[in-house]
Amino acid sequence: MTVTATVRPRRPRPAVRRHRVRRALDSEQFTGWAFVTPGVAVILLFGAAPIVWSAVLSFRKSSLLGSSSPFVGLSNYRRLVHDPVVGQAIQHTLIYTALFVPGTMVVGLFLAVAMNRKIRGINIYRTAAYATMAISTISEAIVFIWLFDPSYGIVNYAFSKVGLPQQQFLNSPSEALYVIVAMTIWGWTGFAVVVYLAALQGIPQTLLEAAAIDGASPWRAFRRVTLPLLSPASLFLAVWLTINALQLFDEVYLSTQGGPLNATTVLVYYLYVQAFQQFNFGYASAIAYFLFLVTIVITVVQFWAGRRFTYYRS
Amino acid sequence: MSATSAPVRDVRAMAGDGVPGRQRRRGWPFSPWHLVLIPATVALLFPFAWLLVTSLETSSEALRFPPVLIPHAIRFANYSDALSQAPFVHWLVNSAVVAAGTVLCNLVLCTLAGYAFARFRFLGRTALFAVIMATLMVPFQVTMIPWFTITKWLGVHVLAGVGINTIGALILPNAATAFGIFFMRQFFRTLPLEYEESARVDGASRLTVLVRIVLPLATPPLATLAALTFLDSWNNFLWPLIAVTSTSQMTLPLGLATFQGAHATEWPLLMAGNVMSLVPMLAVFFVAQRYFIRSVAATGLAGT
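Protein chains in written order, with the numbering used here: chain A, 1 to 314; chain B, 1001 to 1304.
These are calculated hints, taken from the structure and not from any lab test. Idealized CB from N, CA, C, for every residue including glycine. Incorrect hints may appear among the rest.
So the derived label-pair ranges between C-beta atoms look like this [as the list claims (entries may be wrong)]:
#1 T1190(B) with R120(A): 32 to 40 Å
#2 F1065(B) with L44(A): 54 to 62 Å
#3 T127(A) with I1070(B): 19 to 27 Å
#4 L1207(B) with L293(A): 41 to 49 Å
#5 I1070(B) with Q277(A): 39 to 47 Å
#6 F1065(B) with T127(A): 30 to 38 Å
Hey, can you work out the whole structure from these sequences and the hints?
Next up, the structure:
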């Protein structure tokens, strides 16, 4: 009893202080920062700072070995313009993108339309298409190197069966890039099917029934009703696949290492060689920024062009 | 012309989309779409099948033309040979640790930051959010050289466990993503404020509100974020290729790539390794197919 009596008068002060601390800890100001800090720290360190840093690097002559990295102005960019391999890499990247993106979209659209119905075994068909999404680019590349092996590959066997001449595929400068197009289209089929199927399932049946009652043939209804309603999904796929196509690396690294005779040297592969085999960090950064610029320009053009063809229901 | 003369038939054909049974036209005992889908599925699955067949052949069978379509004796020894020549199980564990760590970090960090950006007013909020959004557009290739340098520096000066040639180096730079923060913020903004406000009135702290009230409502976006992060992390190749050189720290894609480099023409061995590398992910994918499909579809629909 006596103990509590002596302690009691002292209590209010710490309680008030504790209350004030608790209120400060509970403020939007403090909790906001506390919640944001860990995530933002990671993004500032590995997202924002590197963007600035590599911009700075692109104006310097920098290598891993030398500790000094003198400022060289635009000379990395000037070198880029005159480098014949960069010219080839741009050409290969654009050819690849121009084939891969429409190819994947057409395959994906075709399969998604075919799979957008409740028929027996549909889940087996869909799962088979989805399964390509679970395959890493490395697994995919190894399988396709084997399928397209010039000496023992089954594709050449199929060619011989139907009377086509034997091909060199990945060993041929004129064919290697197209084999890489084929393997990446296969690898991205599942993704395109999922996106198109989701969009198809969002199309109300009533619109298609109305078109049919108005006398439209199924093909006409597809062209005039389904396809316009799919245009937002198509725009998304076009942009997304293009961004990924411009960054093609894994398959090239594994199958051809940019060869034969630079026939499959694409921008990111050349950037990798410059950065981590030659250790020209400055020049590689300039190539990276050039890639960034190309990506932005193409994406903006796609959105601008897409606006005129895209139909938003709202 | 036929379209106008026989509208009734067309109505039935159109209504077939998604409606069981009606797809059948006169005279077809099954949907004609099977005639399209069966060859397409065979073409999609053929690489898998050929991979499996090759992995069970002997080396001499694989190096024969015309190819041996059915191996004479099923040779499982390729699998044990591959296992004895390369630490596939170890790589699998590394991949799993990296993927699990990355997913866990993203779920926690992106939820916290996304919630704060959605709900709290604090000094610098707009500026910070703008910076995060700006990093969203930049391709990885622009940042990868500084990633290498920063990771190297961190390993030497801060914590050895996140330096070059460690598994930590594969987790930390991806521990939070601009996409994840943006994605969670967008979700939290759609939630009605009432639940949170009434919990606050009842005296709950802000963290309690987030954990007890908001998170139970956020399982769909969290599942989406987890699935997308998992796929990304599992299949990542370029960053591990740069950051890791020693066999013991490799993830499956990188390990498989080095295995291919060492055994480029030993096809059955290589294919056995390849099968072992892709089976775990296929298994996870089939078990959680619903989540993966929904997540990928969500990214597509978000763009529409």
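Cross-check of the supplied hints:
A beta carbon spacing of about 39 Å between T1190(B) and R120(A) agrees with the range 32 to 40 Å that was offered as a hint. Look at F1065(B) against L44(A): about 57 Å separates their beta carbons, and that is inside 54 to 62 Å. Between T127(A) and I1070(B) the beta carbon distance is about 25 Å. The supplied range of 19 to 27 Å therefore holds. Between L1207(B) and L293(A) the C-beta distance comes to about 43 Å, which sits within the given range of 41 to 49 Å.
A beta carbon spacing of about 43 Å between I1070(B) and Q277(A) agrees with the range 39 to 47 Å that was offered as a hint. Here the CB-CB span from F1065(B) to T127(A) is close to 33 Å, well matched to the stated 30 to 38 Å.
Checked against the numbered hints listed earlier, the structure breaks none of them; every hint is satisfied.
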